[in-house]
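Visitor: In case you want the letters, here they are:
Number of protein chains: 2
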Amino acid sequence: MPSDRAPNAETAPDAVEDTTMWSLIGQAVESVPPQIPGVDDEAMRLCMTLHCATSLVFYDLSATLRRADAVAAPTLKLLLILYMYGEMESRDLIRLSGMSRAAASALLDKIVGQEMIERRLSERDRRTHVVTLSEKGRTAFVEAFTVYNARERYWAETLTRAERDQLIGLIGKLVNARLDDGNLRRRQ
Amino acid sequence: MPSDRAPNAETAPDAVEDTTMWSLIGQAVESVPPQIPGVDDEAMRLCMTLHCATSLVFYDLSATLRRADAVAAPTLKLLLILYMYGEMESRDLIRLSGMSRAAASALLDKIVGQEMIERRLSERDRRTHVVTLSEKGRTAFVEAFTVYNARERYWAETLTRAERDQLIGLIGKLVNARLDDGNLRRRQ
DNA sequence: CAAAATTTGTCAATAGATTGACCGTCAATA
DNA sequence: TATTGACGGTCAATCTATTGACAAATTTTG
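Residue numbers (the numbering used here), protein chains in the order written: chain A, 1 to 188; chain B, 1001 to 1188.
Treat the hints with caution; some may be incorrect.
[What the hints assert, rightly or not] Think about it this way: if two alpha-carbon atoms lie no more than 20 Å apart in a straight line, the pair counts; the simulated SDA-like pairs of lysine to any residue are: (1) 173(A) to 1020(B); (2) 173(A) to 1143(B); (3) 173(A) to 163(A); (4) 1173(B) to 132(A); (5) 110(A) to 132(A); (6) 173(A) to 1070(B); (7) 1110(B) to 1070(B).
Read the hints as simulated data drawn from the structure, not as lab findings.
Keep in mind that this is a model prediction, so the values were computed, not measured.
All chains, please: the whole structure from these sequences, using the hints.
Guide: This is the structure:
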């Protein structure tokens, strides 16, 4: 039914209006690597699939938190770590957060301002602080994580238990092979 | 060698200084779900693994582009789509980008300013534009994507071909089961 | 013990992305 | 045809995260 919108069949891999972010992967992998010498289509498919899927899943998880008026995902991660350890030095919290030092430090500041985390200078090392989860922070974490995990289940339950284990194992292999590689680029 | 830094064995799941972003997953999955009723540890492990791995991989890929003084990853994605289609309406480019309309529109503006994309009003629909990859844009794309894909291969080559296919299949199953779910939260 | 190197937190500058609102344009329908 | 609703792009406001540089504290090394 679209007349003058039909794409040029020579250049376009497929009708663009029927293409989605997800179906784009297959088309891109078929059409791009043959045109550029040395490009590996399998690696491209793997990374593009991973990126696209992650984008869908974690946007959805974040939106779920927002809709529930809960803390945002980066905050949830800091609270989770602190919930595990109870009390720790901010250097470790920042390191484990996966964010850059500057970003984690700024976020921590904000959460301290919201009185969900208490912070005092460390006596052992005057460069760092000791941080503790406040009662308010503990409550906010449990509330948010309950909502968050319910949605995690929504995603996970499309796979069987065996498939989940397989997926986790494969991702684990991918990461572990590179983790102690000095070549890996990491956040500052 | 750490003396007074030994964590409290009752609250801490493990010595915090030996913990990494990656090993944190196992500890978190073991220690948090038992404390919060209704929390599903398998779903948590799956999502946390996915998130952590993706964060490592795509930070590394972006840093690879930066180090090579190539275009950034979001720009690369727009150029990739345009490279596939040659010429298309910006509405489709924006939709396929996976970003919000506002973000994609602003980014497109910037790339047009850099003369890597040409944009003219569409005659068919005066709300949208027709965008084309310029010669400069094509060159920038091929250069950047060559660097990017070489690094994708670095990640992908830790898996056998069968494992890669399996991983792609599992992620595909995860996403496809939810894609046409009206319940899915999407960007505006 | 002194000097050099590293660690930790923070600042400034920047870049990028989000939501929600708005306006002009197009499509559906009454 | 006129009205209603949907769509496409952009604006403003906000928020988050990044790098690179710096200072203070600590650790390592000579």
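Visitor: If a hint holds in the structure, say so; if it doesn't, say that too.
Guide: Evaluation of the provided hints:
1. 173(A) to 1020(B): Holds - the C-alpha atoms of residue 1020(B) and residue 173(A) are around 16 Å apart, at most 20 Å.
2. 173(A) to 1143(B): violated (30 Å)
3. 173(A) to 163(A): Given pair residue 173(A), residue 163(A) holds - Cα atoms ~15 Å apart, limit 20 Å.
4. 1173(B) to 132(A): violated (40 Å)
5. 110(A) to 132(A): Distance ~14 Å between residue 110(A) and residue 132(A) Cα, so the pair holds.
6. 173(A) to 1070(B): Distance of about 29 Å is beyond 20 Å: violated.
7. 1110(B) to 1070(B): holds (15 Å)
Hints 2, 4, 6, counting from the list given before, are not met by this structure.
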